[in-house]
Amino acid sequence: MHTYARLLRHRWRRFQRGSQAGPGRVRRWILGFFGVYIAGSLAACGWVYYRIVGRVQPGTDPVAVANGLMLNAAVAFLVLRFFTQRSSSMKLAPYLARPVPRGAVVRFVQASSLASLLNVFAPAFLVPLWYRSVLGGGPFGAPAPEAWAWLAAVGMLVLFTHYANNALRLLLAQNVRAFAWLAATGSALLVADRVVGTRLVPRASMALFGGLLDGQFAWLAVPAGLLAAAWSASGHLLRRSLRRSDAGEQASAATVPAAFARRRGATRNLMLLELKLIARNRRPSTLVGISALLIVTYGPLLLVGRDLFSVIDAVTGLFATGLLAASYGQLMFAWESRHFDGLQARPIRPRTRMRAKLLLLQCGCVASLLVAGPFFVWLAPDLLLLSAGFLLYNLGITCPFVLFFSLWNRERLAPQRSGFFNYEGLSVQHWIGSLPVFVPPLVLALALSEAWLLAGVSVVGLLGMALGPTWTRLFARLFSKHRHAMGAGFRRGE
Amino acid sequence: MRLEAQGLVKQFGDAFTLSIPELVVEDGAAFGLVGNNGAGKTTFLRLALDLLRPDEGHVALGGARVADSSGWKKRTSAHLGASFLIDFLTPDEFFGFVGSTYNLSPGEVEQRLDSYRSFFTDDVLGPDARYIRDLSTGNAKKVGVVAALLPRPELLVLDEPFANLDPRSQIQLKDLLRRRRTEHGTTMVISSHDLLHVTDVCERIAVLDEGCIARDEPTTPETLDTLEAYFAGEDRAAAPSSVETATSSGNGSARPA
Numbered sequence: 000m001h002t003y004a005r006l007l008r009h010r011w012r013r014f015q016r017g018s019q020a021g022p023g024r025v026r027r028w029i030l031g032f033f034g035v036y037i038a039g040s041l042a043a044c045g046w047v048y049y050r051i052v053g054r055v056q057p058g059t060d061p062v063a064v065a066n067g068l069m070l071n072a073a074v075a076f077l078v079l080r081f082f083t084q085r086s087s088s089m090k091l092a093p094y095l096a097r098p099v100p101r102g103a104v105v106r107f108v109q110a111s112s113l114a115s116l117l118n119v120f121a122p123a124f125l126v127p128l129w130y131r132s133v134l135g136g137g138p139f140g141a142p143a144p145e146a147w148a149w150l151a152a153v154g155m156l157v158l159f160t161h162y163a164n165n166a167l168r169l170l171l172a173q174n175v176r177a178f179a180w181l182a183a184t185g186s187a188l189l190v191a192d193r194v195v196g197t198r199l200v201p202r203a204s205m206a207l208f209g210g211l212l213d214g215q216f217a218w219l220a221v222p223a224g225l226l227a228a229a230w231s232a233s234g235h236l237l238r239r240s241l242r243r244s245d246a247g248e249q250a251s252a253a254t255v256p257a258a259f260a261r262r263r264g265a266t267r268n269l270m271l272l273e274l275k276l277i278a279r280n281r282r283p284s285t286l287v288g289i290s291a292l293l294i295v296t297y298g299p300l301l302l303v304g305r306d307l308f309s310v311i312d313a314v315t316g317l318f319a320t321g322l323l324a325a326s327y328g329q330l331m332f333a334w335e336s337r338h339f340d341g342l343q344a345r346p347i348r349p350r351t352r353m354r355a356k357l358l359l360l361q362c363g364c365v366a367s368l369l370v371a372g373p374f375f376v377w378l379a380p381d382l383l384l385l386s387a388g389f390l391l392y393n394l395g396i397t398c399p400f401v402l403f404f405s406l407w408n409r410e411r412l413a414p415q416r417s418g419f420f421n422y423e424g425l426s427v428q429h430w431i432g433s434l435p436v437f438v439p440p441l442v443l444a445l446a447l448s449e450a451w452l453l454a455g456v457s458v459v460g461l462l463g464m465a466l467g468p469t470w471t472r473l474f475a476r477l478f479s480k481h482r483h484a485m486g487a488g489f490r491r492g493e
Numbered sequence: 000m001r002l003e004a005q006g007l008v009k010q011f012g013d014a015f016t017l018s019i020p021e022l023v024v025e026d027g028a029a030f031g032l033v034g035n036n037g038a039g040k041t042t043f044l045r046l047a048l049d050l051l052r053p054d055e056g057h058v059a060l061g062g063a064r065v066a067d068s069s070g071w072k073k074r075t076s077a078h079l080g081a082s083f084l085i086d087f088l089t090p091d092e093f094f095g096f097v098g099s100t101y102n103l104s105p106g107e108v109e110q111r112l113d114s115y116r117s118f119f120t121d122d123v124l125g126p127d128a129r130y131i132r133d134l135s136t137g138n139a140k141k142v143g144v145v146a147a148l149l150p151r152p153e154l155l156v157l158d159e160p161f162a163n164l165d166p167r168s169q170i171q172l173k174d175l176l177r178r179r180r181t182e183h184g185t186t187m188v189i190s191s192h193d194l195l196h197v198t199d200v201c202e203r204i205a206v207l208d209e210g211c212i213a214r215d216e217p218t219t220p221e222t223l224d225t226l227e228a229y230f231a232g233e234d235r236a237a238a239p240s241s242v243e244t245a246t247s248s249g250n251g252s253a254r255p256a
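Here the protein sequences line up with chains A and B, keeping their order.
Counting from 0, one number per residue, gives the positions in the first sequence under numbering that gives the first Met the number 0.
Counting from 0, one number per residue, gives the positions in the second sequence under numbering that gives the first Met the number 0.
If you are wondering where the hints come from, they were derived from the structure by calculation, not from laboratory data.
Among the clues, some could well be false.
Some chain B residues near chain A, calculated using beta-carbon distances under 10 Å [what the hints assert, rightly or not]:
no., residue
1, Gly95
2, Ser99
3, Tyr130
Glycine residues also receive a C-beta, built at the ideal position from the N, C-alpha and C atoms.
Input sequences plus hints: build the corresponding full structure.
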């Protein structure tokens, strides 16, 4: 117990001292507000869930609808976790050379990793839903023991997604091929289930949760087994990762043969430097790879789900070309935190740096469309035009916005290290921070017809692109203002 | 290139304050900065390169305040440690990148590198070279120092250039620095813990003690002994509380405000 208490104390100190850093405090309050707002909105949605279903699909049993959707929702939640959730907030290396039992470290990391906003958001929606729609009293309610079993199964499923996500991230860090095979197979099976029409997942979901509400408590073994498997896999992979060192991993770093040259011009040389950074460091290359994987695997899932929600078209168009820029771009300056001082002391104009970064993000958007293109042509050719419109939006609005947002990067990153040990990972905070750029077009998608939506996002995007020189000038001025604070922040973790 | 610090104050909480009322390093001078760990040497160099914002005062390079202009960057080059290296590049790529920022063509970079090739042993240079992050600390240091020398700057700023180098490389580096100064008249600001090397290279040495310049004297044959006595504590109590003024070299001065 002493070991756990000590680990907990260290973690608390890290949180406490991290939260006292001045410049980030205001941002934390803003993000905290958004976090509470989202949790509150989810709780309200859960509370009136049966009414929403009554409006959307009159005459249907809302609990039956929930039962049928639950496993699909778990898959979607797992994907969401994979792309947004921090892995772990501990630096483990200092403990490994000390007489701290590794089993205790593993168990502590497993337990403490539960401290995630997503583990608040999910219950925030599910518990009110359960209380108002599943637990006795209401028109669709079930007797208490069955309802409690249902809640237990849902809880175990949420925990399963948490530990499955930990396991997947560790697998990605340790064995990229195995991860890619697993992800591709899983995605292919899910798409096939939907395209072929077998619909095994919703049927299994209905059998599991419907069975529980019918008093067949043996069904609890399914989520319990899933949870146990995910916990074991996560623990096993975490234990294995403690024995690995980051040394030697660099041998597989990719080469980018192009050389720096005066004739290329400063902007293109800086873009080349960033490309080499991506190709030769685990963390950014993984992030870019994951974004491409998401476009390839999750994109088709969104496309085949078009008949469920009309807004899916907009989501697909927006994320297919904007995801890469949004995920990589938010840490645009943190990526170079290890050599930030060196770049600052050299004769590189801030405006050139901003231009290079903006152009690189825009190239990322175009490359994303090239990756997603075949799927659009195959599964939804009618979406190509809308995607082109959202490409313009992402080029003109998303890219400048994420670059602007990254001017507040203050945390040093270790890009050469794998994502799991890298406690500075992308978190829910980053995604909440990107809401202002992603929410407006989605709101427009709900309010406008597709033609008007296309016109709207295209015009706004073109305007943003036309303002490119203004953005770079403005960002360069902001960068000059923030340069000392950025440098000080990046130096803190030296 | 003249370096001038006026009324420079940088405070880190209550724990440490760097305070340099006035410090001038004249054009073409080689100025050494010595001091214990945490004395403020690197802080001063960062302030001189506009990597830190001073709480009071300013640093001017070539007459221009570093915070208000960037023209001095073309004429200045520095290596203050690992943060000046881009560790995912090979040394050749790094030299190419540094050269491109100073408007040097790849041919010019290659040509200038020739005079430093003997400084590198092993397989540090060449097409099969490893990334800088995979080099030993000493070899990485050599890459950083050579990258700083490559643009032939008017002002060269080096932090601990002799640390982690093998004896042969230390001697070679001293020779390189001396030649740089005599042939090109480069102004040098070098911080070091190595009293022997810094007295060999620099014509003027300042001792930074707890954020203040405790001594500032031209280098003489006795300087090494004096500094050793100072750091051994023999001379410390007797050291003047205010800053001593450089006298005979005429290359600079440090005075209390």
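Hints, one by one, checked against the model:
no. : hint   : verdict
1   : Gly95  : 4 Å, holds
2   : Ser99  : 5 Å, holds
3   : Tyr130 : 7 Å, holds
When the structure is compared with the earlier hints, no violation turns up for any of them.
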